[in-house]
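Engineer: Once you know that position 145 of the sequence shown is 145 in the working numbering, the rest is easy, because the numbers rise by one and skip nothing.
The reader is advised that the hints may include incorrect statements.
To be verified - Below, in silico cross-link-like pairs of lysine to any residue (SDA-like), each with a Cα-Cα straight-line distance of 25 angstroms or less: (1) K35 to K105; (2) K67 to E106; (3) K105 to A64; (4) K91 to R47; (5) K91 to E31; (6) K35 to R47; (7) K35 to E45; (8) K35 to S59; (9) K91 to W134; (10) K67 to R84; (11) K123 to D109; (12) K67 to E31; (13) K105 to A122; (14) K91 to L44; (15) K105 to R27; (16) K48 to V87; (17) K105 to I77; (18) K91 to H69; (19) K35 to R97; (20) K48 to P75; (21) K91 to N136; (22) K105 to W33; (23) K91 to I77; (24) K91 to G63; (25) K48 to R97; (26) K67 to G52; (27) K48 to N74; (28) K105 to R84; (29) K35 to V98; (30) K48 to D103; (31) K105 to D30; (32) K105 to W26; (33) K105 to N57; (34) K48 to V107; (35) K35 to H69; (36) K91 to A125; (37) K48 to L81; (38) K48 to P68.
Don't read these hints as lab results, they were simulated from the structure.
Every value quoted in this text rests on a predicted model; they were computed, and no experiment measured them.
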Amino acid sequence: MLRTREALAVLDIPRHHAKVLPSHGWRPPDEDWIKINTDAGVSLENRKSGAGGVARNPSGFIGAWSKPHPGVTNPLIAEALALRDGVIFAKLRGFTRVLVETDCKEVVDFWDSPNTPVHLCAKHACTLEVTSCWMNSPPSFVSRLTGAG
Numbered sequence: 001m002l003r004t005r006e007a008l009a010v011l012d013i014p015r016h017h018a019k020v021l022p023s024h025g026w027r028p029p030d031e032d033w034i035k036i037n038t039d040a041g042v043s044l045e046n047r048k049s050g051a052g053g054v055a056r057n058p059s060g061f062i063g064a065w066s067k068p069h070p071g072v073t074n075p076l077i078a079e080a081l082a083l084r085d086g087v088i089f090a091k092l093r094g095f096t097r098v099l100v101e102t103d104c105k106e107v108v109d110f111w112d113s114p115n116t117p118v119h120l121c122a123k124h125a126c127t128l129e130v131t132s133c134w135m136n137s138p139p140s141f142v143s144r145l146t147g148a149g
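Construct the complete structure from the given sequences, taking the supplied hints into account.
Structural biologist: See below:
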């Protein structure tokens, strides 16, 4: 709580404009499930970010990782990469019942919003045999939604 108040002071956010929510703490996953918590940090000085995570079952610790992402200095991209790294960690170990948690609301909101151009591209990829890329104008299935063209 003290660290959060210090961060708010550094950001020069008046106390009445910021609300610190109480922590609900970590809870173990249900039986036969793995819970993976991911997070990211950015070092502008070193021009890189780092992703990390911890995997646990109801009995406790299974594994952890830390991974550098050179050249990635956007916090949202770093958080998304951390989440991806968590999914890869689970897949490589054959985990099939996995709950992945992140503290990044923006990543969660992206994940929960299926009517976006990004989701349309991902859905379109399921119909492809090879990678497709559009650089100067969006594909027709996206431009119909966004009005771009």
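Engineer: Confirm or reject each hint.
Structural biologist: Okay, the hints, checked on the actual structure:
1. Of the supplied pair hints, the one linking K35 and K105 holds, its CA atoms being roughly 18 angstroms apart against a limit of 25 angstroms.
2. Between K67 and E106 the CA atoms are separated by roughly 21 angstroms; this keeps the pair inside 25 angstroms, and the hint holds.
3. For the given pair, K105 sits about 22 angstroms from A64 by alpha-carbon distance, which is consistent with the 25 angstroms threshold.
4. For the given pair, K91 sits about 29 angstroms from R47 by alpha-carbon distance, which is inconsistent with the 25 angstroms threshold.
5. Between K91 and E31 the CA atoms are separated by roughly 19 angstroms; this keeps the pair inside 25 angstroms, and the hint holds.
6. Taking the CA atoms of K35 and R47, the gap is near 30 angstroms; set against the 25 angstroms cutoff, the hint is violated.
7. Restraint check: the Cα-Cα separation between K35 and E45 comes to about 32 angstroms, which exceeds 25 angstroms; the hinted pair is violated.
8. For the proposed pair K35 and S59, the alpha carbon gap of about 11 angstroms is at most 25 angstroms, so the pair holds.
9. Pair hint K91 plus W134 does not hold up; C-alpha atoms about 29 angstroms apart against a cutoff of 25 angstroms.
10. Between K67 and R84, the direct Cα distance comes to roughly 11 angstroms. Compliance with the 25 angstroms bound is thereby established for this hinted pair.
11. In summary, the hint linking K123 to D109 is supported, as the alpha carbons are separated by about 18 angstroms, within the 25 angstroms threshold.
12. With a C-alpha separation of about 28 angstroms, the suggested pairing of K67 with E31 is violated against the 25 angstroms cut-off.
13. A threshold of 25 angstroms between alpha carbons decides the hint, and for K105 with A122 the separation of about 21 angstroms falls inside it, so the pair holds.
14. A hinted pair counts as satisfied when its Cα atoms are at most 25 angstroms apart, and K91 with L44 does not qualify at roughly 31 angstroms.
15. Between the alpha carbons of K105 and R27 the distance comes to roughly 19 angstroms, so the proposed pair stays at or under 25 angstroms and holds.
16. Taking the CA atoms of K48 and V87, the gap is about 21 angstroms. The hint holds against a cut of 25 angstroms.
17. Distance check on the hinted pair: K105 and I77 sit about 13 angstroms apart at the alpha-carbon level, within 25 angstroms; holds.
18. A distance of roughly 20 angstroms separates the Cα atoms of K91 and H69; the hinted pair therefore holds under the 25 angstroms criterion.
19. Only pairs whose Cα atoms come within 25 angstroms are accepted, and K35 paired with R97 is accepted, the gap being roughly 9 angstroms.
20. Straight-line distance between C-alpha atoms of K48 and P75 comes to about 10 angstroms, which keeps the hinted pair within the 25 angstroms bound.
21. Note on K91 and N136: the hinted pairing is violated, with a Cα-Cα distance of about 35 angstroms set against a maximum of 25 angstroms.
22. Of the pairs offered as hints, the one joining K105 and W33 holds, with about 23 angstroms between alpha carbons and a cut-off of 25 angstroms not exceeded.
23. At most 25 angstroms may separate the alpha-carbon atoms for a hinted pair to count; K91 and I77 meet this at roughly 21 angstroms.
24. Taken as a hint, the K91 and G63 pair is honoured in the structure, with Cα atoms around 13 angstroms apart against an allowance of 25 angstroms.
25. Pair hint K48 plus R97 does not hold up; C-alpha atoms about 32 angstroms apart against a cutoff of 25 angstroms.
26. Of the supplied pair hints, the one linking K67 and G52 holds, its CA atoms being roughly 6 angstroms apart against a limit of 25 angstroms.
27. For the hint pairing K48 with N74, the CA-to-CA distance comes to about 9 angstroms; that is within 25 angstroms, so the pair holds.
28. At roughly 15 angstroms between alpha-carbon atoms, K105 and R84 fall within 25 angstroms of each other, so this suggested pair holds.
29. Pair hint K35 plus V98 holds up; C-alpha atoms about 6 angstroms apart against a cutoff of 25 angstroms.
30. Between K48 and D103, the direct Cα distance comes to roughly 20 angstroms. Compliance with the 25 angstroms bound is thereby established for this hinted pair.
31. The suggested pairing of K105 with D30 holds, with an alpha-carbon distance near 23 angstroms, which does not exceed 25 angstroms.
32. For a cut-off of 25 angstroms, the pair hint linking K105 to W26 stands: about 17 angstroms separates their Cα positions.
33. A hinted pair counts as satisfied when its Cα atoms are at most 25 angstroms apart, and K105 with N57 qualifies at roughly 24 angstroms.
34. The hinted pair formed by K48 and V107 meets the criterion: a straight-line CA distance of about 19 angstroms does not exceed 25 angstroms.
35. Under the criterion of a C-alpha separation no larger than 25 angstroms, the hint pairing K35 with H69 is consistent with the structure, at around 23 angstroms.
36. Distance hint between K91 and A125 is fulfilled; the C-alpha atoms sit about 20 angstroms from each other, no more than 25 angstroms.
37. Distance restraint check for K48 and L81: the Cα-Cα separation of roughly 12 angstroms lies within the 25 angstroms cut-off, and the hinted pair is therefore satisfied.
38. In summary, the hint linking K48 to P68 is supported, as the alpha carbons are separated by about 7 angstroms, within the 25 angstroms threshold.
Comparing the model with each numbered hint stated earlier shows that hints 4, 6, 7, 9, 12, 14, 21, 25 do not hold.
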